[in-house]
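Chains Y and C, in that order, give the protein sequences.
Numbered per our numbering, the first sequence spans residues 10 to 156.
Numbered per our numbering, the second sequence spans residues 6 to 221.
Relax, there's no trap hidden among the hints.
Output of the computed footprint for chain Y on chain C, the stretches with three or more beta carbons under 8 Å from beta carbons of chain Y:
| hint | region |
| --- | --- |
| 1 | 16 to 30 |
| 2 | 59 to 68 |
| 3 | 109 to 121 |
In silico DSSO-like pairs for lysine-lysine, Cα to Cα no more than 30 Å straight-line:
| hint | chain 1 | residue 1 | chain 2 | residue 2 |
| --- | --- | --- | --- | --- |
| 4 | Y | K72 | C | K29 |
| 5 | Y | K112 | C | K153 |
| 6 | Y | K72 | C | K187 |
| 7 | Y | K78 | C | K153 |
| 8 | C | K195 | C | K166 |
| 9 | Y | K112 | C | K68 |
Calculated from the structure, these hints are not laboratory results.
Predicted model only: the values in this text are computed from it and were never measured.
Note that the Cβ used here is the ideal one computed from N, Cα and C, for glycine as well.
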Amino acid sequence: MKTRVLLVDDEQQFVEQLSERLKFRDYDVSICFSGEEAVENIKQYIYDVVILDVSMPGIDGNKALKRIKELRPLTEVIMLTGHATVESAIDGMKQGAFDYLMKPCDTNELIAKINNARQRKTEQEERIRAAKAKRYSTSPWSALEDK
Amino acid sequence: MNPETEKTLAFYGRMTANLTHEFKNILAIIQESAGLMEDIMAVAPLSKEKYQERFNNSMTTIKNQLQRGMQLATRFNKFAHAPDHASDELDLGETVEHFCTLTERFARLKHISLEADTREIKLTTNPLLLYMALFYSLDSCLSVLPAKSSISMAASENSGKPVIEIECAGKDAPAAPQFFTKLRESSAWKELEDTAAQLGASLECAENDLRFCLFF
Chain Y
10 MKTRVLLVDD EQQFVEQLSE RLKFRDYDVS ICFSGEEAVE NIKQYIYDVV
60 ILDVSMPGID GNKALKRIKE LRPLTEVIML TGHATVESAI DGMKQGAFDY
110 LMKPCDTNEL IAKINNARQR KTEQEERIRA AKAKRYSTSP WSALEDK
Chain C
6 MNPETEKTLA FYGRMTANLT HEFKNILAII QESAGLMEDI MAVAPLSKEK
56 YQERFNNSMT TIKNQLQRGM QLATRFNKFA HAPDHASDEL DLGETVEHFC
106 TLTERFARLK HISLEADTRE IKLTTNPLLL YMALFYSLDS CLSVLPAKSS
156 ISMAASENSG KPVIEIECAG KDAPAAPQFF TKLRESSAWK ELEDTAAQLG
206 ASLECAENDL RFCLFF
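Isolated chain C (complex conformation) (with noise of 0.2 Å):
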């Protein structure tokens, strides 16, 4: 297998466990609250009134999780079908938009919140690339960045090019130099340097700022 291939997959794999994770969690839920309402018929003509909010709240539960549940599934199709053309136009704002409830788990996990600040801008590019570059984004940030932090993605567009701008903040965030140097030594950052490279879009890391651009 070629490097590039095991990259592909790699990232896959991460993904993939990432996000059936999430659809068991949901699944859970739901299994519970329906076993709830089970367990609360079981009783109910005994004691109707009693259940009658808890029975309720099972059920506001349930639709809840299912939408949560489809809305991950439609996310998850769609960068399902991400390899199907070497490229493709796609709104840079969706996307941005998708990968973020897709990776919300991965930010999660370390306590960090991660939003989508997103608008409609055109791109005709590599779905796939794109996907680990944002990707690839998001894991130098995790590995860098320490709980109670933030990450923001946003879409945008500088003199009619589109643009996704990355920035971090957090009371306990490392400064800008530091966060960069420490930034670029991760494995991930290198990562994304070479995907980038592969979309034609250049890296560009702000002075002051935890912001970096990949302008397309």
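This is chain Y alone, in the form it adopts within the complex (with noise of 0.2 Å):
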């Protein structure tokens, strides 16, 4: 299955050309160009890595990664700073974000990122499985009791 990738940042071209870059990869990429649009977005859809920019207008990236985090807390947030300090990408990483990049990145670094962070919420996902697995398997009814 492809890696679903949401990339919020309010430099419309800026996302466009590095969702075209990504689509080549072979990734699944939806775009949004702020983080009131990524929040409702992430309400309907599930993705495995979101790529959030900390700097935006109206609710900012800080703000939006900790929504996604209520919303979705398995999907991995990886944050873009344009900042030379990197204190609000820290905030970040303290709010469950998986990793952060300096922009302009290098693709292959960002790429290696999202890979990381899929593989990363994989892990979650299966680690939850079998919890669920050897749950149901001492306490049968428990299944029921989980839907």
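Join the two chains into one complex using the hints; note that each chain is given alone, in its own frame.
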């Protein structure tokens, strides 16, 4: 299954060009131009990885990250920052971001981080599945409780 | 460090951080566009026609971003030279227009539009203090206005004397009395009053409109 990636940045052309490049590499890419739009989108669709710009109009990247993590705790978020200081990105890491990158970033580095983020999400999902399976085997009725 | 130097450095810090952020955005777009062209070139021999349009789009994006970057760099350079002379003859209209280009991102981050409406007007003044006055005017408006508002900065003349007129609008913007009450409470407005006094300009607010002027 292709890795589902959501790109969020208010620089429209940047998002469009990067999206094309990721599609070339066989990623399933969606795009949003604001934090608000991203949060609304994430309510409807599930992504493996979100690439989120820190500095955007309206709700900024860190606020959007908080909402995304509330809605989809397993979705991994990579923060993009244009700031020379990485404080804002570090704030994001404290709130559960997988990693951060400085803009303009090296595409190969970004792809490596997306793949690592997807890997972590898959492992988390497998751990949850294993934990559920263990619970069901010891207490079959819990399967009904989960529904 | 004396308070004046501290104030000037803080102003330069905010302007420079904002502009370098814009340059990074431009470079990021150019990098991805060039990268996409590289990707296309790698597959083009097999399906050249299929990717021709995308290749051309990337080329156009690069050209547009280079133009955006060059315009910003030229205006940034002029701004960086503002402290060179304590007094200099400048074109007020051009300075207002350049200022709006350099600070458009501050407004954009608040979903507010910023426009310059200018014409050529000669003025001999302190260029650095003039930029600071424009900055505090904008900063005070941004601290009061809600999203989807607009700010227009115009250079004009009144009885042969240069004027900078700042006009705000927006359906959710506060009415004039509340607007000016909030504006006067902002720290940027206090800085604007000090800077206007240093420039020898008078600051006047309209009674019924969201508009204020700096008379030189």
